[in-house]
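Q: From just these sequences and the hints, can you work out the full model?
Following this note's numbering from start to finish, the sequence shown increments by one per residue and tops out at 313.
No wet-lab data here; the hints were simulated from the structure. Please read all numbers here as calculations on a predicted model, not as lab measurements. The C-beta atom is built at its ideal place from N, Cα and C for all residues, glycine as well. Among the hints, erroneous ones may be present.
[Unchecked claim] Derived Cβ-Cβ restraints for the label pairs, each shown as a range: (1) Val-237 / Gly-271: 36 to 44 Å; (2) Asn-104 / Trp-187: 45 to 53 Å; (3) Asp-206 / Asn-85: 55 to 63 Å; (4) Glu-186 / Ser-22: 49 to 57 Å; (5) Asp-206 / Gln-90: 21 to 29 Å.
[What the hints assert, rightly or not] Using 35 Å as the maximum straight-line C-alpha spacing, the simulated DSBU-like pairs for lysine-lysine come out as follows: (6) Lys-31 / Lys-12; (7) Lys-12 / Lys-133; (8) Lys-305 / Lys-178; (9) Lys-249 / Lys-176; (10) Lys-189 / Lys-31.
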Amino acid sequence: DPLTAQTVKVYLVAETFFSSSLYYSNKKFKLGNPQIEDDEGDYDLDPSKEIASVSLKPESGDTIKIKFNDVLFGPEDSLLVNNNAFQSLIRGFYITTDTTNPGGIFYLDFLSPATKLTLYYNDSLSFDFKINSASATINHFEHSYSGTEVESQLNDSTVGDSLVYVQAMAGVKTKINFPFLSEWAKNENIAINKAELVITVLDGGTLLTHPSPEALFLLGAGANPLTNDLLEGVSYFGGTYDLASKQYKFNIARHIHEILYQGLPNDGLFLIVPNNFLVTGSVVSANRAVIGGGSNSSIRMKLNLTYTVL
4 DPLTAQTVKV
14 YLVAETFFSS
24 SLYYSNKKFK
34 LGNPQIEDDE
44 GDYDLDPSKE
54 IASVSLKPES
64 GDTIKIKFND
74 VLFGPEDSLL
84 VNNNAFQSLI
94 RGFYITTDTT
104 NPGGIFYLDF
114 LSPATKLTLY
124 YNDSLSFDFK
134 INSASATINH
144 FEHSYSGTEV
154 ESQLNDSTVG
164 DSLVYVQAMA
174 GVKTKINFPF
184 LSEWAKNENI
194 AINKAELVIT
204 VLDGGTLLTH
214 PSPEALFLLG
224 AGANPLTNDL
234 LEGVSYFGGT
244 YDLASKQYKF
254 NIARHIHEIL
264 YQGLPNDGLF
274 LIVPNNFLVT
284 GSVVSANRAV
294 IGGGSNSSIR
304 MKLNLTYTVL
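A: Right, dumping it as structure tokens:
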């Protein structure tokens, strides 16, 4: 809800993490303050461990300023004697929001010159700790589908597939099956000239406030996640969103041919929001799409086959 104020909460990360390491988006870090705890902390968002909390209102602008005051630095001068001592205290920050109110998505620009931790001394001096591309930053995602249409489909396969869903930030994906391909082609020898998968987005009047991903991606659901059509390049494979038609189109001719004549298992395809875009990928953009499934009468997902009978 873009009109609702969000409460931003900050915790200290109690374990070291590195920019050179790989972390999955479901990774949970221990949280705690080394100054007030004897152990290495735990994974709970304990309110008593918050080091700062600030209300972010829609009219606040593009900058969030969070004051820690004396929470970080106690009377121990030894914590500031060198870089190692400082890093033993501040290993990182965990920034989250209160989940009790209607939520929203906002993006943090860690490459902006304005993104920094400023240390103010007792006199007029200050020092900026810059946050940049050399800093370790990790996104952690958790989703709740309670009370949504997504939950209904996940819990009950008989609900149907009139509408299906794809979501960024480690959210839901859609599996696409072609169960009757072999039956369709069993009585003729054919050559697949083109196999175009057409996916249409539901226009429920919210596309301006909840835009669709700039591109979607297909992965094999079996042992081979990458289809050979992808090797032909994006201009051939497709997947880019067409704003006018509200559609994504994929050319999967080689994939269909391999199922029919080369023994490729017909395990289906996963439709996902890809993570190979620096600005609009699945870990940096919250865009999602509600799309027509196989039983939708108006925006049905279709596989258009162009072929030659041999």
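Q: Each hint needs a verdict: does it hold in this structure or not?
A: The hints, checked one at a time:
1. At about 22 Å, the beta-carbon gap between Val-237 and Gly-271 misses the expected band of 36 to 44 Å.
2. Hint check: Asn-104 to Trp-187, Cβ distance near 51 Å, so the stated range 45 to 53 Å holds.
3. Taking 55 to 63 Å as the suggested C-beta distance range, the pair Asp-206 and Asn-85 conforms, at roughly 59 Å.
4. Taking the beta carbon of each, Glu-186 and Ser-22 are about 52 Å apart, inside 49 to 57 Å as hinted.
5. The hinted range of 21 to 29 Å is not satisfied by Asp-206 and Gln-90, whose Cβ atoms lie roughly 50 Å apart.
6. With a CA separation close to 16 Å, the supplied pair Lys-31 and Lys-12 stays within the 35 Å bound.
7. Among the hinted pairs, Lys-12 with Lys-133 is consistent with the structure: their alpha-carbon atoms are about 21 Å apart, no more than 35 Å.
8. Between Lys-305 and Lys-178, the direct Cα distance comes to roughly 14 Å. Compliance with the 35 Å bound is thereby established for this hinted pair.
9. Annotation: proposed proximity of Lys-249 to Lys-176 holds, straight-line Cα distance about 19 Å (limit 35 Å).
10. The straight-line distance between the Cα atoms of Lys-189 and Lys-31 is roughly 51 Å, outside the 35 Å bound, and the hint therefore fails.
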